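Please take these sequences and the hints and turn them into a complete structure.
Position one of the sequence shown corresponds to residue -3 (our numbering), numbered consecutively onward.
Take these hints with a grain of salt, some might be off.
[Stated by the list, open to error] For lysine-lysine, the following PhoX-like pairs were computed, each having C-alpha atoms within a straight-line distance of at most 20 Å:
(1) Lys147 with Lys174
(2) Lys919 with Lys864
(3) Lys686 with Lys703
(4) Lys488 with Lys536
(5) Lys28 with Lys94
In short, the hints are calculated from the structure, not lab data.
Just so we're clear, the structure is a prediction, and the values are computed from it rather than from any experiment.
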Amino acid sequence: MCALLSFIEDGHLSDLKEFLSQNIVDINCTNKRGDGALHIVVRLGDHEALKLLQDHGADVNLANSLGDTPAILAARHGDKESLCILIDAGADLSLANKEGETCLHTACNLGDAALLSFICSQPNINIDQQDLDGNSALHIACIHGHLDCSKSLIASGATLDLPNSVCATPLHLALSAKHSHVTMYLLHAGADCDVQDWDGDAPIHFAARQGLLAAMQTLCAFGSNVDVANKQGLTPLHLAALHGHIEVISKFLHSRCLCLAGCNTEVRNGDGIKAEITALKHGHNAIADLLNRLKNSVLREQFTNQLVPTSQPISRVNFKFLGHSGVGKTTLIESFQSGYFSNLFKRGKANLPVANSLLKGCTRSIYAVVINLQDTPAVQFQQASFWLSFLQARIRPSQSIGYCGRISNPLQIVVIATHPDAVRLPRDANGDYFTSGIEDLVLQLQQQFQTTFRIHSDPFVLDARAPGTNVMRCLRQQLAEMKQNVIHGIPKCTGFLEGTLCWLPNAVHQYEHFPVMDWDTFLHAVRSNVNPLAGEEHVKELCAQLQTMGEVHILHWQPQDVVVLSPQWLCEDIIGKLLSIEFITLARVTGCYTVEDFQAAFTECDASKLLVLLEQLQLCTHCENDGELEYEFPCYNMVEAIDGLWDSQDIRYGDCASYIGLRLKTPPGTTHLLHSVFPRIQVQLRLATKRYADPECDLYQWFRGSKLCAGILESMVTLENDVACGECIEIKVRGPEGTGMACFYFIEELLGIVQVVMSEICPSLHLERYALSQRQLRNHATPYCFSPTELATALLDCDLNVCLHNPWLEACESSSTADETLLSLIACDTPEVADVMVLWPTLPLRELSMGCRRALSALMDPSDPLGKDWCLLAVQLGLTDSVAHLDAAVHPSHPTQIPTLSQTSALLERWAATEDNEATLGKLARALISLGREDAVDMLLRLVPLYQLIDTEDEEKECTESGTKTVTSPTNGARTNLSR
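Here you go:
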């Protein structure tokens, strides 16, 4: 035996084969633990040796001292190949070890669903075979929470309600182990929700004991008996009261509308004690108060009925006005005397930072773009286009892409033109003003924003001071129709909503100086004043309805959300005043306030509470100045940039110093979208320096500019706005000779901070990245900007040594050449940086942003006269056979109707799924180039990410050795470096 084991463990197959051919040892002999040769090779995973032993007659069903056969060991190790060999040799999978476990049990213990499915597919398998504790394989899967294993067993015919030795079913065990996901699957698969175990506990007892609210909701919905008592005389209500699960109790008490039997709050346990007394005994006073309050069955019935949805939709929605100062928004709002309309932008452009926080994701509203007919048509279009671009940037992109790139739920927009009397417009027979110029404006806006907005075709030309005109009545009628589209999909009205609407004015009055509650306080207040049976999910649904109606505003913060009970107070009384011209004029030029100073400047409410709120809104951030707590407001900072911030005479940054810079611009056709965002970037820069807590980090900020120094590295982040480059964010970094790697990671860190702010405020606004000339940065001359199209085109061959022509260097007599390499422009002329870059042509298709996919769909979905659309693109990508299937998949039932989904998007998804690693951005670009679609190529080159960084341990070691600090990128979690 020793010799046989030695040959097996050495792994020399030829020696083992020769040894077995001599027939000098019993091939089925065992060691002291009863393991035979097959047991050992299975543990080693040596498949060739296993086949050899089996060919020489080894017993495949030999059990060791624990009763484990080689097949059981193979299943325990997840070795499917060994198991296949043993099965082919005649292994009996139904054999059990001394614990009664078979291969099924061991595979479930391991949680290997694929292996388990393979075992279940074998003939003569008893799916319900039980071990010594009476547990079947399904019991084991439920104990460990292996959902996929449970699905496989149930699909193979496992008995759902098979009891073990203590009469526990798989459902009991899943609940006992708090595996809610497995519990839900068992219930929906048909498991008995009232079966009791040895102690008389039904599944609902386990849910009550463990506080599993979701399981409790499902059990109640499936008709489980909520008043059943176990052998100790305890009902689920007693168990929930005993363990302090108030949410579960609430679910019990309103389960009457969900199932046939209601919960009796007066029921006593085996000792004659009510659940209320049980809760008091164990210190759960809130539960005791709840049960005491609900002794009245009539009152409890009313609370229960409040939570049942009616057939009525919510009564009102937000109507938001967008427009420049002086167009008539305030007068127009005052003319609406017969309805409820919420206006968050009464002060026009002065309230832009408000909109940054309060507009995010707000698609359940109607928007009016208001223009002044006294302005020229060019100004009217410019203003309307600005507000629609402003709104479009703040819409959270969805995964669903409609035909031509349309979003699934476009916002409702009406265009209102005011001051017709001032320009002496003619009237029609009904007394309404009319002009063809506004209709042309609406048509232009529809063409420009057709993928995002549903702009009403007929503009409303009206006198904002005349509420009783025919056009005003038509506007109200149109708004009523739009409201039906907005409220589609919103939960119906409930008595709970109506009760909350009655309570809210009292709550606002009670908290009139600061009508703000954290989530826990709001939850408690609603339960105390409106409905004690409301669960957290009910209150979340309620808040969504109230926010759509403009009654409250939810601010999603950490560690918990905050509910603003009066949006008007926040937007007008607080932020509207703080950002008004009058307040900014009197504000400190540095933008820094102590709590006492701010209280003196703004006396309307408690400064200590308000500053916390404003800091969460990221209008300010607290910091220490000479040991004193101050709040910095970048929006008030009017300090001029001092001389010498970027000193050209600094000897540390000479001719061989490292320089790198970039500019971030908004897409063509958009203007003035960055100046309202830049103060938030300055707030994030201050937060970054606080987060790193590095004594060598220093941040100095001024009006539209910040300088961050990290040791020997310097950076500048500024908002530029001139005729040459338009509005852009400029970032540049410099360091002494040999710091190219650190400079590169420093600018990546700063870029990440900007991207975080943009993703929070303007998630749909893509900033185009321009590279600044390194040579001109080093010479402190005005740098030439290389466009993203130039950079991406040069990178198409994945060569960073490609040179780009800088026309501004031609005029410089001292320049020997007017070319600059990609390595110098985007990698700080450092080859080590290139080693950690994955350039865009080799990036997988999944790295293409949703905005780029949407723009590509807008170009490629429409039929092209020459056939150069998505169909020919499919041919270029090798998916000719998929064209018919894709076309049928996105078309509605009638072939002449417009497709509902984007064919281009569906094509890209199919390509990525078919070829995966072969589907790259470079191949897509070359396919579009071959088609001759210059428009699509240009769009793709402007929007693709130029590169991504490889996160490696070698990179971390290299940066550590060069004296840099490794931190986590705020954008994608990759390691970046804030140099010391």
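Next item on the list: Assess, step by step, whether the Cα of Lys147 is no farther than 20 Å from the Cα of Lys174, and give holds or violated.
Entry: Holds: Lys147 and Lys174 sit about 18 Å apart, inside 20 Å.
Check: Is it true that the CA of Lys686 sits at most 20 Å from the CA of Lys703?
Finding: holds (15 Å)
Margin query: So if I understand the rule, the pair passes when the alpha-carbon distance is 20 Å or less; does Lys919 with Lys864 pass?
Written below: holds (17 Å)
Notebook entry, point to check: Given the proposed pairing of Lys488 with Lys536, does the C-alpha separation stay at or below 20 Å?
Noted result: holds (14 Å)
Note to self: Lys28 and Lys94 were given as a pair; does the straight-line alpha-carbon distance stay at or below 20 Å?
What the structure shows: holds (17 Å)
Checked against the numbered hints given earlier, this structure breaks none of them.
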